[in-house]
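Engineer: Protein sequence lines correspond, in order, to chains A and B.
So the first sequence is numbered by the numbering used here: it starts at 1 and just counts up by one.
So the second sequence is numbered by the numbering used here: it starts at 1 and just counts up by one.
Hints may contain errors.
Below, a list of computed lysine-lysine pairs in the DSSO-like style, where the Cα atoms sit at most 30 Å apart [said to hold, decoys possible]:
(1) B/K276 x B/K287
(2) A/K121 x B/K276
(3) B/K42 x B/K276
(4) B/K42 x A/K121
Calculated Cβ distances over 12 Å to all of chain A for the following chain B residues [said to hold, decoys possible]:
(5) V22
(6) K42
(7) G62
(8) N83
(9) A102
(10) G110
(11) V147
(12) Y157
(13) L243
(14) A255
(15) K276
By construction, these hints were calculated from the structure, which means they are not laboratory data.
No experiment lies behind these values; they were computed from the predicted model shown.
Cβ coordinates follow ideal geometry from the N, Cα and C atoms, glycine included.
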Amino acid sequence: MAKTHVTMTVNGEPAEGLVEPRTLLIHFIRENLSLTGAHIGCETSHCGACTVDLDGRSVKSCSMFAVQAQGAQITTIEGMAHADGTLHALQEGFRMMHGLQCGFCTPGMIMRAHRLLQENKTPTEDEIRFGIAGNLCRCTGYQNIVKAIQYAADKLNGVPHKEAAE
Amino acid sequence: MIPAPFTYHRPKSLAEATGLLVDLKDEARVVAGGQSLIPIMKLRLAAPDHLIDLAAIAELKGIARGATSITIGAMTTQAELINSSVLAESVPILRETALQIADPQVRYQGTLGGNVANGDPGNDMPAIMMCLDASYRLVGRAGARTVKARDFYLGTYVTALNAGEILTAIDIPVPPAGHGFAYAKLKRKIGDYATAAAGVVLTVSGGKIQTCAIALSNLADTAVAADAAAKAVIGTALDRTALSAAAQAARGVMAPAADARGTVEYRTDVGGTMVKRALQAAFARAKG
Ligand SMILES: Cc1cc2nc3c(=O)[nH]c(=O)nc-3n(C[C@H](O)[C@H](O)[C@H](O)COP(=O)(O)OP(=O)(O)OC[C@H]3O[C@@H](n4cnc5c(N)ncnc54)[C@H](O)[C@@H]3O)c2cc1C
Ligand code: FES
Ligand code: FES
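Please model the complete structure; the sequences and the hints are all you need to start from.
Structural biologist: Now the structure itself:
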């Protein structure tokens, strides 16, 4: 099968590769670009572990072909920490509030929460839960994930955060 | 979970896309948001030789408010429906329904055109289009035609869309100001298709229902209008007798599949409950 040349911007850097049209975006990101932060959980569009940010939307990269991302601006978990290596507020929140146990869902959770906080800087607990409903976690029971996102929202808004992790 | 190989096309105009469909015949399939098609391609339940991506066709995008109707481009996403202030004001049932579809990631990708063209009885928008008496614009190389939502669904995955045609836009007559509306959907969890769901659009005057349309999702082999149920509440103040009569009449057009969501009896029973809930919510919201 003829291959197609795709170019996109990933974490601020130009990225390119030759792919078959049937190559899923998650496989291109993990195998061609060697960015293994975005995970494959279900591969059936249900778990959200493969979530990346694409042109201002959270997408499940297992449910899109790499050729459809031609020219797109993509951010993966690898693009979240600051250039000096300090953690993004969301990463810090997940650490401080124990928002992860095995960590498998975390890259997808953080990328989804990142877009949620761009669209709603002060989400309520219900809005956070509804906003991350496309991301499954089999470990935490979500309580501390919600707290981690609240921690990050406060930090990004310059408000002191008081709540402790459970 | 790798789909069968295919050739990818990304036409920039509708004419180019319909031309490709004619030239490539049965071997081609259009892809919109891909949130129904790509999962079934991964399962190899669909294996088109050519995939025609509609994403770069600007004329399939956008929401336009006319004097008496609203036209929504087929490639408008569920997220765009949710964020549209024009729709929130004039056809609020679209936002209410879109928020009950799938999850945020799927709603950023999935389109209104894909949702109504798919032909899956589990899709939520077809019933809403029946309640609103919407029409679909279909364009093929031979020309354009319009089919009403109520006439579009022929069977599961069988629609009035002919080979070589693309659904380009949906025309919705704007319901009167002060109308009541609701979409009641019972589902096992967020991101699940309906166990049973009912949409209602009605108008009220002097405390009595003047006009009413009811349609059901995932309760038959296609979305289905429940006209006898609507008739049972017209002229009433939605008292208990009218409500029960509507639920009973609606159950008459239900023929749900027995699956993991429940038995035929259970889904028919809760289907009637969804009709009652949607009617009550719509009646409470209506002014007049
Ligand atoms: C986890 C998950 C949960 C979901 N839950 C729900 C839910 O609760 N309710 C619901 O309604 N849907 C649900 N969906 C489906 C989702 O809404 C899809 O987006 C929608 O069914 C199809 O829209 P699409 O734009 O993605 O179309 P695609 O998947 O691209 O296409 C679907 C079909 O329609 C055809 N098609 C698409 N656009 C056109 C057009 N303009 N003209 C002619 N043919 C066209 C395609 O050829 C294909 O056969 C869910 C999907 C997932 C992955
Ligand atoms: S791996 Fe993509 S949604 Fe689960
Ligand atoms: S921390 Fe294990 S799946 Fe979420």
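Engineer: Provide an ascending list of the numbers of those earlier hints which the structure does not satisfy.
Structural biologist: Violated hints (numbers, rising): 2, 3, 4, 6, 8, 9, 10; every other hint is consistent with the structure.
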